[in-house]
Amino acid sequence: MRELIVLVDNTSSVARVVEFAKVVYGFGVKNLVLTHVYGSAAQQGVPEAFKISLKYSSSLIILPTIRDALDLFKPDHVLVIRRPSPQVKPLTDFINIDGRVMLAVDGSDQDIRVEGSNVSYVTPVKYDIGNIGQLTLALCTLMGGCLNVQHQGSTQGL
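By my numbering, the letter at position 138 of the sequence shown is numbered 168, and the numbering carries on one by one without gaps.
These are calculated hints, taken from the structure and not from any lab test. Worth double-checking, as some hints may not be accurate.
[Claimed, not checked] The calculated lysine-lysine pairs, modelled on DSS-like cross-linking and capped at a C-alpha distance of 25 Å, are: (1) 85 to 119; (2) 119 to 104; (3) 156 to 119; (4) 85 to 52; (5) 60 to 85; (6) 52 to 156; (7) 81 to 119; (8) 81 to 60.
Please read all numbers here as calculations on a predicted model, not as lab measurements.
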């Protein structure tokens, strides 16, 4: 069985905090952790994200650092979303991972660094589509069966 926790680090944008919250809770994840939130994101984004968490009967945890989140949640595995590169593994390598899994992403489209023996750097897609897009595809991959697509005819030329 897998328990998924999403961590978003380093954001100052109200809109990004709200978008991350919508994506995370929309996929049914119950725990969203925000670390290093500052500026208007801390003043206005956090209260908005909290309202969204209440709507989904989920929790929003605000902590100063990634280390605090790791110490508090003690995940079995930490999957850090990164831009595609030769050092980054495909997320599909971890599709059957069990236990307490923390999925970490940077809130400002940078690459974050997380230290630990249980840390793997992953990417859900081979394109650099930004971290909200990366997180969305990662959750879709890990949650399984989230696409509602019907194929009709040829897609050639699209």
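Residue 52 and residue 156 were given as a pair; does the straight-line alpha-carbon distance stay at or below 25 Å? Holds, at about 24 Å.
Between residue 85 and residue 119, does the CA-CA distance stay at or below 25 Å? Between residue 85 and residue 119 the Cα gap is close to 34 Å, so the pair fails against 25 Å, i.e. violated.
Are residue 85 and residue 52 close enough, with their CA atoms no more than 25 Å apart? holds, 10 Å
Restraint status (C-alpha distance of residue 119 to residue 104 at most 25 Å): holds, 22 Å
Taking only the CA atoms, is the gap from residue 156 to residue 119 under or equal to 25 Å? Satisfied, since the Cα-Cα distance of roughly 10 Å is no more than 25 Å.
Mind checking the alpha carbons of residue 81 and residue 119 for me, to see if they're no more than 25 Å apart? violated, 35 Å
Residue 81 and residue 60 were given as a pair; does the straight-line alpha-carbon distance stay at or below 25 Å? Satisfied, since the Cα-Cα distance of roughly 14 Å is no more than 25 Å.
With a cut-off of 25 Å on the C-alpha distance, tell me whether residue 60 and residue 85 pass. Holds, because 11 Å separates the two Cα atoms, which is no more than 25 Å.
Of the numbered hints stated above, those contradicted by the structure are hints 1 and 7, listed in ascending order.
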